[in-house]
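Engineer: The residues making up each chain are set out below.
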Amino acid sequence: MEQNLIRCSGLRKTYGRFAALEHVDLTLGRGKIVGLLGPNGSGKTTLIKLLCGLIQPTEGEILINGQKPGPYTKSIVSYLPDRMYFADWMTPRDILDLFEDFYADFRRDRAEAMCASLQILPDKRIKTMSKGTKEKLQLILVMSRDAQLYLLDEPIAGVDPAARDFILETILRNYNEQGTVLISTHLISDVEKVLDEVVFLCNGTVVRQDTVDHIRETEGMTVDGLFRDIFRAMPYRREPAVTEFPRMEGGEQQ
Amino acid sequence: MDWSIADSRPIWLQLEEQLTKRILSGEYPMGSRMPTVRELAAEAGVNPNTMQRALSALEGSGLVVTQRTAGRVVTEDQQLIHAARKEQAAGLIAAYLQGMQNLGFTEEEARTYLKEGN
Amino acid sequence: MTLKLMKYELKAMLRTFIPLWCVILVLSLVNRLTLRIDGLAELWHGIPAGLMLFAYAISILAAYIIAVVFLILRFYHGLLRDEGYLMFTLPVKTWQLICSKMFSAVILLVGTSLIALLSVMVLIVDNEVIEEIGELIKVMATYDTFPFRAEFIWKILVMAIIAAVISPFTQILQCYLSMAIGQLANRSKVGCSVLSYIGISLTVSFLTNIAVTIPMVARVQEIEDSVTAATDFMMTTMMSTFGTVMIVEILLVAAFYVPTWWILKNKLNLE
Numbered sequence: 001m002e003q004n005l006i007r008c009s010g011l012r013k014t015y016g017r018f019a020a021l022e023h024v025d026l027t028l029g030r031g032k033i034v035g036l037l038g039p040n041g042s043g044k045t046t047l048i049k050l051l052c053g054l055i056q057p058t059e060g061e062i063l064i065n066g067q068k069p070g071p072y073t074k075s076i077v078s079y080l081p082d083r084m085y086f087a088d089w090m091t092p093r094d095i096l097d098l099f100e101d102f103y104a105d106f107r108r109d110r111a112e113a114m115c116a117s118l119q120i121l122p123d124k125r126i127k128t129m130s131k132g133t134k135e136k137l138q139l140i141l142v143m144s145r146d147a148q149l150y151l152l153d154e155p156i157a158g159v160d161p162a163a164r165d166f167i168l169e170t171i172l173r174n175y176n177e178q179g180t181v182l183i184s185t186h187l188i189s190d191v192e193k194v195l196d197e198v199v200f201l202c203n204g205t206v207v208r209q210d211t212v213d214h215i216r217e218t219e220g221m222t223v224d225g226l227f228r229d230i231f232r233a234m235p236y237r238r239e240p241a242v243t244e245f246p247r248m249e250g251g252e253q254q
Numbered sequence: 001m002d003w004s005i006a007d008s009r010p011i012w013l014q015l016e017e018q019l020t021k022r023i024l025s026g027e028y029p030m031g032s033r034m035p036t037v038r039e040l041a042a043e044a045g046v047n048p049n050t051m052q053r054a055l056s057a058l059e060g061s062g063l064v065v066t067q068r069t070a071g072r073v074v075t076e077d078q079q080l081i082h083a084a085r086k087e088q089a090a091g092l093i094a095a096y097l098q099g100m101q102n103l104g105f106t107e108e109e110a111r112t113y114l115k116e117g118n
Numbered sequence: 001m002t003l004k005l006m007k008y009e010l011k012a013m014l015r016t017f018i019p020l021w022c023v024i025l026v027l028s029l030v031n032r033l034t035l036r037i038d039g040l041a042e043l044w045h046g047i048p049a050g051l052m053l054f055a056y057a058i059s060i061l062a063a064y065i066i067a068v069v070f071l072i073l074r075f076y077h078g079l080l081r082d083e084g085y086l087m088f089t090l091p092v093k094t095w096q097l098i099c100s101k102m103f104s105a106v107i108l109l110v111g112t113s114l115i116a117l118l119s120v121m122v123l124i125v126d127n128e129v130i131e132e133i134g135e136l137i138k139v140m141a142t143y144d145t146f147p148f149r150a151e152f153i154w155k156i157l158v159m160a161i162i163a164a165v166i167s168p169f170t171q172i173l174q175c176y177l178s179m180a181i182g183q184l185a186n187r188s189k190v191g192c193s194v195l196s197y198i199g200i201s202l203t204v205s206f207l208t209n210i211a212v213t214i215p216m217v218a219r220v221q222e223i224e225d226s227v228t229a230a231t232d233f234m235m236t237t238m239m240s241t242f243g244t245v246m247i248v249e250i251l252l253v254a255a256f257y258v259p260t261w262w263i264l265k266n267k268l269n270l271e
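Chains as they are written, first to last, in the numbering used here: chain A, 1 to 254; chain B, 1 to 118; chain C, 1 to 271.
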């Protein structure tokens, strides 16, 4: 078994002329919960899509457990995209069947127990469910696998605090402790205490990788505080009006 | 008691403090089995590795001992608990005195104030 | 894995199509009864009977149109939109995803054709018709009846059958390729898919016409040389035409499949 679960070297991904990722060298170990942090548009989703094999790198290499993304890595990666991905005519039972058929590491009993605790009926059409319930169902499916790598893209964006607690607790109670969880988010204060390690992305490059406690020890501030420090954007300040058009006043009086 | 990770010090340190308080207050009684790391971590909403580090620190101070059969249990050493209580108390007193001093009381005045209870 | 994928694909398709197929069969049965039972067809100036026949014809047409729309939507929604996030992260290969969709779509088309055929038989077949068909086969089996050489017929028949079997695959793959090209665009993916479909169709018909015409033109000289062998000439021309069509169909399968596979593997562009 490879020592590092994820190894990216010289990774670059461009869309037309726009470089979404540039010179990304990243190594992640096992048994960790890692935050992939960065403002919107910093390349978080692109990196996650590359890791789960939805898109191909323009340059560079990705190895997951020593293998390039493909059917093998997909069998050990559990991916939660930032959108609903099931056909809405399906029922929870259909989608559980599908996961059981394709993923050897899927634990159906666990998924059923979680569905039952949320009163998600196995034969109710997904179409008729609320957005919140659909999101929870998708999280249940993803976390019911004993995967090596969980890729969670913005799992807590746009949810209320109660749902956020449910999501984080579901992750903590169900992930495979030998595996690694990579959570992308820009809501750092909400996830900071569940993370071992953080990776800061800025304009498509990794600007810092460190453990949460090490940041707190050495910087004397929370990761959220550090994030705000690194990514502080100067708001546009209007220059005090100078007498650019001194003649105007005279002109208006006419 | 709710878990709170409020300030910017390392999280494991804050967890260690709160676990200590729970042991001293009797929420985890002497000789009782501690919940598993995973259970504690999920309850506190923190990373299991961080909780593990906090528990290891408690083992270092002797408040928690690992037994081969029962797993992690709270110490039954009365003296150790007592000493830890006194240590916490000293911290509270120091904080009280500091707070009173900030309000402009002398140490003597602060002590009398505390005794008289108003 | 391809079979597992097909299982879900067929499940998604058949939940719509089995009811539709049943409607066709029921309507053909109803029409058979109205046609056979004396007086029923003339009831109320034949309006109900006419309506039933009309409904039957429409249901067959509708089944085909819905089948085509369905196989396009299954590919577009199932792979190129949100569901693609699930399908492309399953531990399967890209060719398995395409083939599972393609074979399921062929099953859908063939199934619809069989149901249509079956319903026509329900509608018209009785003892008299069976006898007539039997006689036709007898006539065809005796080669002497044909004014030209029999081996041509069989060769042409085999080539036509091969071309007919491959043809639904090329039709489906052409749709798939158009959508694969269309999804490369960042805006109006549907519009780009339609445009690429038209573009591919024009290119293909242009090239096919050239491929079919060239051997014919090359043989024009022969007809002037020997007018007596006109029948032979016609037959060999037909043979070469069918042969060309068959080869073109086979080439098209590859020409549509390979780029589709490459685009979905390397240039997937989910929103």
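Watch out, some of these pointers could steer you wrong.
For each label pair, taking beta carbons as the anchor points, the in silico distance ranges come out as [stated by the list, open to error]: (1) R81/C / G31/A: 34 to 42 angstroms; (2) I214/C / N40/A: 55 to 63 angstroms; (3) L118/A / R38/B: 47 to 55 angstroms; (4) A163/A / A6/B: 47 to 55 angstroms; (5) L118/A / T66/B: 23 to 31 angstroms; (6) D160/A / T66/B: 50 to 58 angstroms; (7) D160/A / R81/C: 44 to 52 angstroms; (8) L118/A / P48/C: 34 to 42 angstroms; (9) E100/A / L33/C: 40 to 48 angstroms; (10) S9/A / A90/B: 47 to 55 angstroms; (11) T128/A / V125/C: 56 to 64 angstroms; (12) T133/A / L118/C: 38 to 46 angstroms; (13) C22/C / R17/A: 20 to 28 angstroms.
Restricting the straight-line Cα-Cα distance to at most 30 angstroms, the calculated cross-link-like pairs of lysine-lysine (DSS-like) are [what the hints assert, rightly or not]: (14) K267/C / K124/A; (15) K93/C / K4/C; (16) K155/C / K131/A; (17) K7/C / K265/C; (18) K267/C / K68/A; (19) K124/A / K265/C; (20) K265/C / K68/A; (21) K68/A / K4/C; (22) K189/C / K7/C; (23) K138/C / K68/A; (24) K115/B / K32/A; (25) K127/A / K138/C; (26) K134/A / K155/C; (27) K4/C / K127/A; (28) K189/C / K134/A; (29) K155/C / K68/A; (30) K134/A / K138/C; (31) K7/C / K131/A; (32) K189/C / K127/A; (33) K21/B / K115/B.
Output of the computed footprint for chain A on chain C, the stretches with three or more beta carbons under 8 angstroms from beta carbons of chain A [as the list claims (entries may be wrong)]: (34) 7 to 19; (35) 122 to 134; (36) 209 to 218.
Hints in this document: simulated from the structure, not taken from any laboratory. We put the beta carbon where it would ideally sit given N, CA and C, even for glycine.
Engineer: Indicate, hint by hint, whether the structure satisfies it.
Structural biologist: Hints and how they fare:
1. R81/C / G31/A: 34 to 42 angstroms: 35 angstroms, holds
2. I214/C / N40/A: 55 to 63 angstroms: 58 angstroms, holds
3. L118/A / R38/B: 47 to 55 angstroms: Since the Cβ atoms of L118/A and R38/B sit about 21 angstroms apart, the hinted range of 47 to 55 angstroms is violated.
4. A163/A / A6/B: 47 to 55 angstroms: 23 angstroms, violated
5. L118/A / T66/B: 23 to 31 angstroms: This hint is violated: roughly 36 angstroms between Cβ atoms.
6. D160/A / T66/B: 50 to 58 angstroms: 40 angstroms, violated
7. D160/A / R81/C: 44 to 52 angstroms: 27 angstroms, violated
8. L118/A / P48/C: 34 to 42 angstroms: 53 angstroms, violated
9. E100/A / L33/C: 40 to 48 angstroms: 47 angstroms, holds
10. S9/A / A90/B: 47 to 55 angstroms: With Cβ atoms ~53 angstroms apart, the hint holds.
11. T128/A / V125/C: 56 to 64 angstroms: 45 angstroms, violated
12. T133/A / L118/C: 38 to 46 angstroms: The hint (38 to 46 angstroms, Cβ to Cβ) holds, given that T133/A and L118/C are roughly 43 angstroms apart.
13. C22/C / R17/A: 20 to 28 angstroms: 55 angstroms, violated
14. K267/C / K124/A: Not OK: K267/C and K124/A at ~36 angstroms, beyond 30 angstroms, violated.
15. K93/C / K4/C: 13 angstroms, holds
16. K155/C / K131/A: Given that 30 angstroms is the threshold and the Cα spacing comes to 60 angstroms, the pair is violated.
17. K7/C / K265/C: Distance of about 22 angstroms is within 30 angstroms: holds.
18. K267/C / K68/A: Holds, at roughly 17 angstroms.
19. K124/A / K265/C: 34 angstroms, violated
20. K265/C / K68/A: 14 angstroms, holds
21. K68/A / K4/C: The hint holds at about 24 angstroms.
22. K189/C / K7/C: It holds: about 28 angstroms lies between the C-alpha atoms, which stays within 30 angstroms.
23. K138/C / K68/A: 63 angstroms, violated
24. K115/B / K32/A: 51 angstroms, violated
25. K127/A / K138/C: Violated, at about 57 angstroms.
26. K134/A / K155/C: 58 angstroms, violated
27. K4/C / K127/A: Holds, because 24 angstroms separates the two Cα atoms, which is no more than 30 angstroms.
28. K189/C / K134/A: 27 angstroms, holds
29. K155/C / K68/A: 49 angstroms, violated
30. K134/A / K138/C: Roughly 63 angstroms separates the two Cα atoms, so the pair is violated.
31. K7/C / K131/A: 28 angstroms, holds
32. K189/C / K127/A: Given pair K189/C, K127/A holds - Cα atoms ~25 angstroms apart, limit 30 angstroms.
33. K21/B / K115/B: 25 angstroms, holds
34. 7 to 19: With 5 residues closer than 8 angstroms to chain A, the stretch 7 to 19 of chain C meets the three-residue bar; holds.
35. 122 to 134: As far as the stretch 122 to 134 of chain C goes, the hint is violated, because 0 residues have Cβ atoms under 8 angstroms from chain A.
36. 209 to 218: It is violated: at least three residues are needed, and the stretch 209 to 218 of chain C offers just 0 whose Cβ sits closer than 8 angstroms to chain A.
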